[in-house]
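Engineer: Sequence:
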Amino acid sequence: MNDGVNGVALAVFIFFFVLVTAMGFLAARWRRAENEHSLDEWGLGGRSFGTWITWFLLGGDLYTAYTFVAVPAAIYAAGASGFFAVPYTILVYPLIFTFLPRLWSVSHKHGYVTTSDFVRGRFGSKGLSLAVAVTGILATMPYIALQLVGIQAVLDVMGVGGGEDTNWFVKDLPLLIAFGVLAAYTYSSGLRAPALIAFVKDTLIYIVIAVAIIYIPIKLGGFDDIFASAGDKFAEAGTGGVLPNGNQQWTYATLALGSALALFMYPHSITATLSSRSREVIRRNTTILPLYSLMLGLLALLGFMAIAAGVKVSNGQLAIPQLFEDMFPDWFTGVAFAAIGIGALVPAAIMSIAAANLFTRNIYKDFIRPDATPEQETKVSKLVSLLVKVGALIFVLGMDKTVAINFQLLGGIWILQTFPALVGGLFTRWFHRWALLAGWAVGMVYGTAAAYGVASPTQEHFGGSSKEIPGIGEIGYIGLTAFVLNVLVTVVLTFVLRAVKAPDGVDETQPGDYTADVGDPGVQTELPPATAGASH
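Quick note: the sequence shown uses my numbering, first residue 89, plus one each step.
Hints in this document: simulated from the structure, not taken from any laboratory. Source: prediction; values computed, not measured. Just so you know, even glycine gets a beta-carbon here, dropped at the ideal spot from N, CA and C. Honestly, I wouldn't trust all of these hints.
What the hints assert, rightly or not - Within a straight-line C-alpha distance of at most 25 Å, the following computed DSS-like cross-link-like pairs (lysine-lysine) qualify:
1. K453 - K470
2. K453 - K467
3. K214 - K400
4. K453 - K214
5. K307 - K321
6. K400 - K321
What the hints assert, rightly or not - Beta-carbon label-pair distances, calculated as ranges:
7. V584 - L474: 38 to 48 Å
8. A110 - L379: 22 to 32 Å
9. L379 - D605: 19 to 29 Å
10. I482 - D313: 37 to 47 Å
11. G309 - V579: 54 to 64 Å
Whole structure, please, built from the sequences with the hints as guidance.
Structural biologist: Here it is as structure tokens:
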């Protein structure tokens, strides 16, 4: 790893960073509404984004800097078992095709901003709504932190901020500047900022991947040599070669399935979805988003290329940035680093907005200030979005990076436990609200306790997300095991509670709400405050 600063790469990186910063602030004037003081405007971009804006926004939201750094890093460290991210993103799109249009319709009909809004309206339970909101916020915090870890990895490889002995403030100053800029334009522009910046981010990533997948193999002698080098490394390590061995198959399958079920439970995924203009936009996006899965598969191959290129790093998260610096000309290294850095800013902005909306709608308005006006809601959400980012920054600066990664794995286990209430509620009212709450609690307790008992070379607790599956004996994803327990408890208790005629909450939705589209009564193409200001 170079000890000095890569000046050319840094200059290119700064150019793109300044470009997206300017776009972030200008986004406040993009598709501007007459009344900006509402969560629909600040937190959902006026619910007016079309197919391509939504596609870039969802892509920028789901395929993050952490994906860019961590997926090939997993391949670099563990071989093909790290490819689980590719099948899970393939599994997720048919899944969301079935339920996201229904969520869009009922949310637009009733003005729901968060998943917890829907859960409260569907089951008439503020307690269940609070559980979903708290879970979403908890799961999102370490996810935001990991975006900052992605920026930090790039800065480390560029040599910015000094070495380990440097004063902590000087070392972390570039990260603090990036954080400050992110916080400022998110506060100013809301969801419009990451929506606009996502165009630049995704274009850069596609260019970098296209060049890397052609240029680097040519320099390394072709894919035959790359796979041979990777096979030799894993054979020497005693892991049996590039392919996962037999005892890893359950882990691979359960991790892929559990991750697919969890991905669109995250608040930021839903925020990007609800910002779209119509049901048809959502349905179209589920058919074209798999293009990102193709990109992800190519991206994962960079892990094998790093092995073949002889990249040696103590922290696997630095493997791909280091590969780029070693293989590319300095100017294109700067482009690649900018793609990773901007790939952190877009999802971090959406995640902080999503977490802030959950707090404002489902904690502040439901339990603290029920009579809050739309203007007050927006002010609170803006402030909370800043606090969420500050919390993530403290998380990154104050804790070991492996801790951040493992807490994000724990976040995936947690967020999966909201699936029965959200997706179940979109299709049936049969589940009892108390049963759903009990199932959620069992899943959360089991998942947290099981993850606490997993050790790793660097940690005594929370060292991973896989453990022996009770009754089967194979090692599998803790989140999926917890989810199965959650569903079992929910179903059994629902039978019991229905039998004893326990009181149901009031369902404020109607069957027709789940298929409503733009032009139907109560569903507008754009919300009334946005009509005059946003149509040109």
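Engineer: Now, for every hint given, state plainly whether the structure supports it.
Structural biologist: Against the structure, the hints:
Pair hint K453 plus K470 holds up; C-alpha atoms about 14 Å apart against a cutoff of 25 Å. With a CA separation close to 12 Å, the supplied pair K453 and K467 stays within the 25 Å bound. Pair hint K214 plus K400 does not hold up; C-alpha atoms about 52 Å apart against a cutoff of 25 Å. A hinted pair counts as satisfied when its Cα atoms are at most 25 Å apart, and K453 with K214 qualifies at roughly 11 Å.
Distance check on the hinted pair: K307 and K321 sit about 19 Å apart at the alpha-carbon level, within 25 Å; holds. Of the pairs offered as hints, the one joining K400 and K321 holds, with about 12 Å between alpha carbons and a cut-off of 25 Å not exceeded. Checking the proposed 38 to 48 Å range against V584 and L474 shows it holds: the Cβ atoms sit about 45 Å from each other. Taken as a hint, the range 22 to 32 Å holds for the pair A110 and L379, whose Cβ atoms sit roughly 28 Å apart.
For L379 and D605, the Cβ-Cβ distance of about 25 Å falls inside the hinted range of 19 to 29 Å, so the restraint holds. A hinted range of 37 to 47 Å holds for the C-beta pair I482 and D313, which are about 44 Å apart. The hint said 54 to 64 Å for the Cβ distance between G309 and V579, and at roughly 56 Å that hint holds.
Of the numbered hints listed earlier, the single one contradicted by the structure is hint 3.
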